[in-house]
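Novice: Could you build all of it, start to finish, from the sequences and the hints given here?
These protein sequence lines map, in sequence, to chains A and B.
Okay, so the first sequence: first residue is 1 according to our numbering, each after it adds one.
Okay, so the second sequence: first residue is 111 according to our numbering, each after it adds one.
Please note: incorrect hints may appear among the correct ones.
Unchecked claim - Sample of chain A residues with no beta-carbon within 12 Å of chain B, all distances over it, derived:
hint, residue
1, A6
2, G50
3, T52
4, A53
5, I55
6, E56
7, P61
8, L62
Claimed, not checked - If you anchor each label on the Cβ, the simulated ranges turn out as follows:
hint, chain 1, residue 1, chain 2, residue 2, range
9, A, Y94, B, S457, 27 to 37 Å
10, B, M376, A, G58, 45 to 55 Å
11, B, V155, A, R49, 47 to 57 Å
Just so you know, the hints here were simulated from the structure itself, not pulled from any lab data.
Model, not experiment: these values are computed from the prediction.
Idealized CB from N, CA, C, for every residue including glycine.
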Amino acid sequence: MIFYAASLALVAIGIYVVISKRNLIKIIIGLDMIDTGVNLLLISIGYVRGGTAPIENGNYPLYVDPIPHALVLTAIVIGVSVMALALSIVIGLYRHTGTLEIDEIRGLVK
Amino acid sequence: MIRPVLLIALPLFFAFLLPVIGLWNKKGVKYVTVGVMGVELLLAVALLDEVLLHPVIDKIGGFVPPIGIVLMVGRLGGFLTLIIALSAFVISIYNLWEDKEPIVRYNMLSLLLLMGSVGMVITGDIFNLFVFLEITSIASYGLASYNRDARGFSGAIKYVVLGSIGSSFVLIGIALIYAQLRTLNMLDIAHRIGEMDPYVRLIAFTSLFLGFGVEAEMFPLNTWVPGVYDGAPNAVVSMFASMPAKSSIFALARMMFTVFSFSGFMWFVAILGLITVFFGEMVAFAQDKLKKMLAYSSIGQMGMIIMGLGIGTAMSVEGAFFQMFGHALAKALLFLAAGYMIYAVKSEKIQDMVGVAKNPLVGVPVVIAILSLLGMPPFVGFYGKFYIVLGGIDARAYGIIALFLAATIIEVVYYARFIKVAFAKPVREYVSPEPVVYLPMMVFAIVIVVFGIFPAPIFAILSKVSMFILGGI
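Specialist: In structure tokens, the structure reads:
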């Protein structure tokens, strides 16, 4: 239960950061926090107390659910590529406007 | 027998083959893309032909469901695949005119966009749906910032922020479903949805609904649309209006009907759709730039589709699917025409476009598209709106229908204003369009007219829509 609460809290903090911060880099950090929170949520769903790695040879009867691990691996890869793309767009925006504050960008881009 | 996985494999294979082809022939890449999209269209036709007889379920890797990933295509999925493949093919012809540097990457991204959109429609696994959503989004982010100017980048960054929050919500929804049911297969979830805790089910549905709502241009989540549609190249905007938006709204419909087995009138969805219609049409009315007006009008049209799904009678859902078809064709046509007009006039303002559509090669398709969007009888758009209204009357949602009709009047006003300017006496000579510019528009216009006069084939495809509402594929 505490895992669920912690990961959802991370998601909530991330959303707060995205909404309240006016700097693009900070917004992207917020997006990353949301991603991490969701990934933790997925991992904690598959967690079994005292479970080992999912090796089925009879010696380890109690093992964690492997599917969320596969999902999280995929989600991490996707998250990293979105972050890279977002940062490269921010670099492009910075080259054109010379600022990272969204209020200033809004004034410059017409 | 055609395997649906071919529709994903073909564009994916060629997307990553293009850089190799580009090594020895840069120009050839564009023609390869057109060819691939043509083959994809043929595959989509063959697939639709097959799913009309029975739903196709393709087991990837030979695992028996619910283990392993399946692709599952019903009638509506086949129909949507055809819409997406048709739009992609016709728009790729238009791309031959717009020389976008670097050509190779542009064509790669558009093939990936096609692959992601088709994948979202034909997959039968919710995590797979998420992966395709992300492929579509990442390709869209790249294409949205393709002009590499401040406007393109600022539109794209809004899209990235909203889009990635949206997909995080989709993932939360998937995680909640998996936590309760330990399965990712859509049909398996649908069978066992009753075992879920009702509160968790509601939260999961809301997360998925909000997540797909971002791409489907639903009201509070669509602030990215005008920026992206304003800053992206014209052919890209056409693609956005007809491909990812349609596949995510189909994903929404599948979440509502197939996975969560909701049926009957959904107040929440219908009213959100109605607000989207109002928001889109009112703001479109206030625009003086052509592309922004079309962007907000697109939001309004997507709102109509969401409303039709929310009303939830067989007729209104049928109308919603008809509207998807009509909107994909007409809006893609109008964005292509807008590309030519902005190029010919060298201004984006509507008031500068005096007489630019006088040339019948452009004017006739534009008028057909606008009339179809407004819902005039001999065109495809008529059936969409008409059936949504009929369905609403069936469900006794008179208030919603009255407000909906009021909102569509605004649409008539701003399109009439545009027609008045564009067909006035020209103040100067404009460059006449090249064949690759007007041929795609002609193709869209012909499809709009033909299926407007003979809608029977489309109705035949949509005839099983009541089964879809009751939780079929």
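Novice: Could you let me know if the closest chain B CB is still more than 12 Å away from the CB of A53(A)?
Specialist: Given that every Cβ of chain B is farther than 12 Å from that of A53(A), nearest at about 19 Å, it holds.
Novice: Taking the minimum C-beta separation from I55(A) to chain B, is that value above 12 Å?
Specialist: holds, 18 Å
Novice: Taking the beta carbons of V155(B) and R49(A), is their distance inside 47 to 57 Å?
Specialist: Because 54 Å falls inside the window, the suggested range holds.
Novice: Measuring Cβ to Cβ, find out whether P61(A) lies farther than 12 Å from everything in chain B.
Specialist: holds, 18 Å
Novice: 45 to 55 Å was suggested as the range; check whether the CB atoms of M376(B) and G58(A) agree with it.
Specialist: Check passed, 50 Å falls within 45 to 55 Å.
Novice: So the hint says 27 to 37 Å: do the beta-carbon atoms of Y94(A) and S457(B) match that?
Specialist: About 29 Å separates the Cβ atoms of Y94(A) and S457(B), which means 27 to 37 Å holds.
Novice: Please check whether the beta-carbon of E56(A) is more than 12 Å away from every beta-carbon in chain B.
Specialist: Nearest chain B Cβ is 14 Å from E56(A), so the label holds.
Novice: Beyond 12 Å from every chain B Cβ: check whether that's true for T52(A).
Specialist: holds, 19 Å
Novice: Are all C-beta atoms of chain B more than 12 Å from that of G50(A)?
Specialist: Given that every Cβ of chain B is farther than 12 Å from that of G50(A), nearest at about 19 Å, it holds.
Novice: Just want to verify: L62(A) was marked as not at the interface with chain B; is every Cβ pair farther apart than 12 Å?
Specialist: holds, 16 Å
Novice: Examine each Cβ of chain B, and state whether all of them lie more than 12 Å from the Cβ of A6(A).
Specialist: holds, 14 Å
When each numbered hint is compared with the structure, no violation occurs for any of them.
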